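Student: Each chain, written out:
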Amino acid sequence: AQSVTQPDIHITVSEGASLELRCNYSYGATPYLFWYVQSPGQGLQLLLKYFSGDTLVQGIKGFEAEFKRSQSSFNLRKPSVHWSDAAEYFCAVGNTGGFKTIFGAGTRLFVKA
Amino acid sequence: ETGVTQTPRHLVMGMTNKKSLKCEQHLGHNAMYWYKQSAKKPLELMFVYNFKEQTENNSVPSRFSPECPNSSHLFLHLHTLQPEDSALYLCASSQDRGGNTEAFFGQGTRLTVV
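Read top to bottom, the protein sequences are chains A and B.
My numbering applies: residue 8 is where the first sequence begins, and numbers increase by one.
My numbering applies: residue 19 is where the second sequence begins, and numbers increase by one.
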């Protein structure tokens with residue numbers, strides 16, 4: 008069975024600074040990987056996804072993520088954080104045998120002025 | 019506008035009450051889901067419906083009863099809940115049940131059991 012670990016419960020960065028949110032997964036085959044964002048009082052919105060091909064994927068709102076098979080990681084990055092990026096971010100892994108997408112516990116991002 | 023609408027947004031209910039959560043999707047998707055989101059815990063998948071048929075029940079207590087009358091609507095009927103059932107309940111839909119399918123989420127119903 009697949010699993011997802013987001014080691015950081017919360018992270019604080021200054022506006023304009025770079026951001027990296029960590030995600031490690033466990034899955035026996037090539038995984039389907041996702042990053043979602045949840046703003047306060049809202050549902051989850053997809054930022055980006057990786058299925059195959061180029062290991063660096065671009066998403067919405069200036070985010071990107073890199074799949075590293077050797078490290079079982081799929082870290083989310085943004086070169087310059089905006090105050091509106093403050094939210095909770097979820098990494099998720101889907102399997103090939105039907106919908107069993109598993110979500111991590113989330114990382115809450117705080118942005119300071 | 020996410021295309022997935024949940025009502026009500028907030029609900030307070032006593033442990034002896036019966037209430038229902040409603041979810042509606044306008045995306046033409048075939049699969050719908052209920053998730054429970056509790057503080058400091060990962061999202062818990064509760065139920066999966068595909069073409070109106072329930073395909074997944076992740077050991078959810080019987081006090082939660084889902085209903086999917088058609089591919090666009092999903093309900094979660096609640097009765098004799100416990101305080102620990104207080105959480106954000108999220109509905110989601112996707113084109114199909116594939117593991118590579120993006121899920122679209124509603125804004126959730128914040129449930130408080132008193």
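Hints listed in this document are in silico derivations from the structure and should not be mistaken for laboratory results.
Check before you lean on any hint, since a few could be wrong.
[Unchecked claim] Simulated DEER-style distance windows between Cβ atoms: (1) A:Gln49 <-> B:Pro101: 20 to 26 Å; (2) A:Phe58 <-> B:Leu45: 31 to 37 Å; (3) B:Thr98 <-> A:Trp90: 41 to 47 Å; (4) A:Ile18 <-> B:Lys40: 23 to 29 Å; (5) A:Ile18 <-> B:Lys70: 37 to 43 Å; (6) A:Ala24 <-> B:Asn88: 33 to 39 Å.
Predicted model, so just to flag it, every value in this text is computed and none were measured.
For every residue, glycine included, the Cβ atom is placed at its ideal position computed from N, Cα and C.
Student: Tell me if the beta carbons of Ala24 of chain A and Asn88 of chain B are separated by a distance inside 33 to 39 Å.
Tutor: Check failed, 48 Å falls outside 33 to 39 Å.
Student: Is 31 to 37 Å right for how far apart the beta carbons of Phe58 of chain A and Leu45 of chain B are?
Tutor: The hint (31 to 37 Å, Cβ to Cβ) is violated, given that Phe58 of chain A and Leu45 of chain B are roughly 20 Å apart.
Student: Within 37 to 43 Å or not, the Cβ separation of Ile18 of chain A and Lys70 of chain B?
Tutor: holds (41 Å)
Student: Taking the CB of Ile18 of chain A and the CB of Lys40 of chain B, does the distance hold inside 23 to 29 Å?
Tutor: About 35 Å separates the Cβ atoms of Ile18 of chain A and Lys40 of chain B, which means 23 to 29 Å is violated.
Student: Do the beta carbons of Gln49 of chain A and Pro101 of chain B sit within 20 to 26 Å of each other?
Tutor: holds (25 Å)
Student: Go ahead and decide if the range 41 to 47 Å is satisfied by the Cβ distance of Thr98 of chain B to Trp90 of chain A.
Tutor: holds (44 Å)
Checked against the numbered hints given earlier, the structure breaks hints 2, 4, 6 and satisfies all the rest.
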